[in-house]
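Undergrad: Whole structure, please, built from the sequences with the hints as guidance.
From first to last, the protein sequence lines are chains C and D. Residue 1 is where the first sequence starts when you use our numbering, and the numbers rise one by one after that. Residue 1 is where the second sequence starts when you use our numbering, and the numbers rise one by one after that.
Quick caveat, the hints were computed from the structure, so don't treat them as lab data. If you're wondering where the values come from, they're calculated on a predicted model, not measured in any experiment. There could be a bad hint or two in this list.
[Said to hold, decoys possible] Chain D stretches covered by chain C per the calculated footprint, using a threshold of three residues with CB under 8 Å from any CB of chain C:
no., region
1, 324–336
2, 372–381
3, 443–454
Where a beta carbon is used, it is the ideal one built from N, C-alpha and C, also for glycine.
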Amino acid sequence: MSWTARIGAALALAAGSAAATGATAAVGHPVPWQLNMTEGASPLSHQVYDLHMYAFWVCVGIGVVVFGAMIVAMMRFRKSRGAVAETWTHNVKLEVIWTVVPVLILIALALPATRILINESNTGDAGLTIKVTGFQWKWRYDYVDYQGRPVSRVGFISKLAFNSDEARQLDSGINPRSLKSKTGYDDYLLNVNHPLVVPTHTKIRFVITADDVIHGWWVPALGWQADAVPGLIHDMWGEIDTPGTYRGQCAQLCGQDHAYMPIVIKAVPPAAFQGWLAAQESRARLDTVARTVQVTSVPAPAPQG
Amino acid sequence: MATHAGTHDDHDAKPGFAQRWLFATNHKDIGTMYLVFSLIMFFIGGSMAMIIRAELFKPGLQLVQPYFFNEMTTMHALVMIFGAVMPAFVGLANWMVPLMVGAPDMALPRMNNWSFWILPFAFVLLLSTLFMPGGAPAAGWVMYPPLVLQGGDSIAFMIFAIHLMGISSIMGAINIIATILNLRAPGMDLLKMPLFVWTWLITAFLLIAVMPVLAGAVTMLLTDKFFGTSFFNAAGGGDPLLYQHIFWFFGHPEVYIMILPAFGIISEIIPTFSRKPLFGYKPMVYATASIAFLSFTVWAHHMFTVGLPLGSLLFFMYATMLISVPTGVKVFNWVTTMWKGSLTFETPMLFAVAFVILFTIGGFSGVMLALVPADFQYHNTYFVVAHFHYVLVSGAVFAIMAGTYYWIPKWTGHMYSERWGKIHFWNSVIAVNVLFFPQHFLGLAGMPRRIPDYNVAFADWNMVSSIGGFWFGLSQLIFVGNIIYTVYFARQKASARVWEGARGLEWTVPSPAPHHTFEVPPVIMPGMLAHDDVSH
Numbered sequence: 001m002s003w004t005a006r007i008g009a010a011l012a013l014a015a016g017s018a019a020a021t022g023a024t025a026a027v028g029h030p031v032p033w034q035l036n037m038t039e040g041a042s043p044l045s046h047q048v049y050d051l052h053m054y055a056f057w058v059c060v061g062i063g064v065v066v067f068g069a070m071i072v073a074m075m076r077f078r079k080s081r082g083a084v085a086e087t088w089t090h091n092v093k094l095e096v097i098w099t100v101v102p103v104l105i106l107i108a109l110a111l112p113a114t115r116i117l118i119n120e121s122n123t124g125d126a127g128l129t130i131k132v133t134g135f136q137w138k139w140r141y142d143y144v145d146y147q148g149r150p151v152s153r154v155g156f157i158s159k160l161a162f163n164s165d166e167a168r169q170l171d172s173g174i175n176p177r178s179l180k181s182k183t184g185y186d187d188y189l190l191n192v193n194h195p196l197v198v199p200t201h202t203k204i205r206f207v208i209t210a211d212d213v214i215h216g217w218w219v220p221a222l223g224w225q226a227d228a229v230p231g232l233i234h235d236m237w238g239e240i241d242t243p244g245t246y247r248g249q250c251a252q253l254c255g256q257d258h259a260y261m262p263i264v265i266k267a268v269p270p271a272a273f274q275g276w277l278a279a280q281e282s283r284a285r286l287d288t289v290a291r292t293v294q295v296t297s298v299p300a301p302a303p304q305g
Numbered sequence: 001m002a003t004h005a006g007t008h009d010d011h012d013a014k015p016g017f018a019q020r021w022l023f024a025t026n027h028k029d030i031g032t033m034y035l036v037f038s039l040i041m042f043f044i045g046g047s048m049a050m051i052i053r054a055e056l057f058k059p060g061l062q063l064v065q066p067y068f069f070n071e072m073t074t075m076h077a078l079v080m081i082f083g084a085v086m087p088a089f090v091g092l093a094n095w096m097v098p099l100m101v102g103a104p105d106m107a108l109p110r111m112n113n114w115s116f117w118i119l120p121f122a123f124v125l126l127l128s129t130l131f132m133p134g135g136a137p138a139a140g141w142v143m144y145p146p147l148v149l150q151g152g153d154s155i156a157f158m159i160f161a162i163h164l165m166g167i168s169s170i171m172g173a174i175n176i177i178a179t180i181l182n183l184r185a186p187g188m189d190l191l192k193m194p195l196f197v198w199t200w201l202i203t204a205f206l207l208i209a210v211m212p213v214l215a216g217a218v219t220m221l222l223t224d225k226f227f228g229t230s231f232f233n234a235a236g237g238g239d240p241l242l243y244q245h246i247f248w249f250f251g252h253p254e255v256y257i258m259i260l261p262a263f264g265i266i267s268e269i270i271p272t273f274s275r276k277p278l279f280g281y282k283p284m285v286y287a288t289a290s291i292a293f294l295s296f297t298v299w300a301h302h303m304f305t306v307g308l309p310l311g312s313l314l315f316f317m318y319a320t321m322l323i324s325v326p327t328g329v330k331v332f333n334w335v336t337t338m339w340k341g342s343l344t345f346e347t348p349m350l351f352a353v354a355f356v357i358l359f360t361i362g363g364f365s366g367v368m369l370a371l372v373p374a375d376f377q378y379h380n381t382y383f384v385v386a387h388f389h390y391v392l393v394s395g396a397v398f399a400i401m402a403g404t405y406y407w408i409p410k411w412t413g414h415m416y417s418e419r420w421g422k423i424h425f426w427n428s429v430i431a432v433n434v435l436f437f438p439q440h441f442l443g444l445a446g447m448p449r450r451i452p453d454y455n456v457a458f459a460d461w462n463m464v465s466s467i468g469g470f471w472f473g474l475s476q477l478i479f480v481g482n483i484i485y486t487v488y489f490a491r492q493k494a495s496a497r498v499w500e501g502a503r504g505l506e507w508t509v510p511s512p513a514p515h516h517t518f519e520v521p522p523v524i525m526p527g528m529l530a531h532d533d534v535s536h
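TA: Listed below in structure tokens is the structure:
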């Protein structure tokens, strides 16, 4: 490992531990002792994170009041301290207050949630469309269109990387902590053979389905998960603002290897993505040509007698 | 054994073992059998949880194959829900509802016998699948198609087991409704009934409403699997999501079936140890009814991530959030019942106080989960696992334990060991938090549920959680020890009232409660009932 890579890894680690202590930098993967949700790398994920923290602090506030009252009651009104029980059994004013106030709190929670949800459901005007298909136990990605132009035959299967697959076997004898990515990240069970390559700063529409059973396509940095249901199309959108690697997993139980179909997104600047896509398309074209040549060169079968 | 065959009408004669238990029609005996059965299932389901937590102790597979792990998560849930929690509540209802309303027995004693004795057969069917070629069902307790249909023939056993459990639950529910509506002592008006009776009455209606729905859903699975139908098969014109809608139409009320009786128990215990009447009796009844009603309108919050249209998402989000209003009313009323009371903290009260706090924490994560955009990040993660274990273990199970300590002196005539009860409580309450609180962090960090192995970033909190799990599991041996001690060895006799602050008909009969009580309806005197001066 070069010294620049070492510093990079150390920085990544520092960013990771910052995330663990509450401040959530845009890390594309979970970090040890992580306590909170990732802020993610998409406008949606930032909104979801804010909603999550807002709801959390509302709950903390209610908890302080309710548990505080309980603790005071448990301290002050002990029989051992000579407390004598009152006999009152109701108080209409109180009962009305604690029915109405929670309703108001709920409205205050529902408003931002509704706004984000409406935003989340708007999958129009996407710059890139990717079809995601869940299989037992791998994902297939097909690029459908990019900047309004159909993409010709770019698609591939993405499955658990070989070293993870080897290490995950029962009694493999391989320490999961010994697996490292090129950047020194512990990528056990979160690495794949072919990551999904996407451009940054581009609204991406994901159309998600499955071939066999129900799967769940979930990359926390995008801010959502979507079930992949056979026979149905589920569409969501994401837009990644920082280049980097973002990892996720299948979220819906899909059989024995449910834990072993991770998702890795590699986000690159749009120019680099265009180059990558063009290379993929020309390779697909070459493949087609090769296959056509092969097929036509097959000798005609001998006439059957 | 059965040497007194001709004397079964003579109540003083000691019936043989088979006669007393196999042919039991006495609500107390049947209640005892339900409770013992539930305790056994609690330990069977608990051992499966221990296997799960042992495998998750550190990253990498050490103990079991992934498929077996999935069998464990599936069976753990089925055994705990249908074998441990629900029968425990039915057992408590059998014992306490007739005593509380002044009835001589349950209204339909022979059906009561059948309701119970179906259960062991159901669970033999279910557990036998563990020993079948191809293994037990492994598609999760929700049994989602198409995955569940990939299982072997064992799913037929699971489906028939679920049918039997459903029949048992429906008969139990009919019995409880018939008892409450027909056998109340004169003067025991509906709005004077103890909260435990009220919550069970409402729960029984929920059971009758939704168990047939579950039966329908699993029957369609059965025909899809074995008879070539395509209810849930997209390729045959069916819809996999149809199953989820039907299942959760059962499944969400089921959640309240497992918590409403717990609310009832807590509403009995807190006033007793606060020496103060329950605050807001009528709002408590209305809140229970509202929760039950709303529970039919929120099922799709289990399906937020399947791709529902925006309008459905909004409806189910608002409806789900609304449930927190009546639930909040309950929590506020319990706290206010304690306010200006005269509190003591015997074991039942300790469990009840822990219930209120920890159930409320589970309620908080419930409100967070109701917010659809946030749910898109929480769904199917350990955040959800933490949420429902807070409401089911430190909620429902703690309430069952609280009820057991509260009523066992009435059942056995002996006081349990207060010292060991407190040791059991403190171990349980600390361990349950070590076990489940870190699971919130794991879920937020991105760990999906139902996985046997994980990235090393999840290792630390999983280890903490597993330690809490083993600790919690071991602590429950203290519970069993205390029960055995109380039944067979305890010397300290319990008085009829048992607790200084206890009020209600059940405390007017001697301890232990005689085999037959209220053969003549009791005459209710002023001050005898806990809620006899309800003018609000």
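Undergrad: Determine for every hint whether it applies to the structure shown.
TA: Hints versus structure:
A stretch counts as covered by a chain when three or more of its residues have a beta carbon under 8 Å from one of that chain; for the region 324–336 of chain D and chain C the count is 8, and the coverage holds. Counting residues of the region 372–381 of chain D whose beta carbon lies closer than 8 Å to any beta carbon of chain C gives 8, which meets the minimum of three for the stated coverage. Counting residues of the region 443–454 of chain D whose CB lies closer than 8 Å to any CB of chain C gives 11, which reaches the minimum of 3, so the coverage claim holds.
Comparing the model with each earlier hint shows no violations; every hint is respected.
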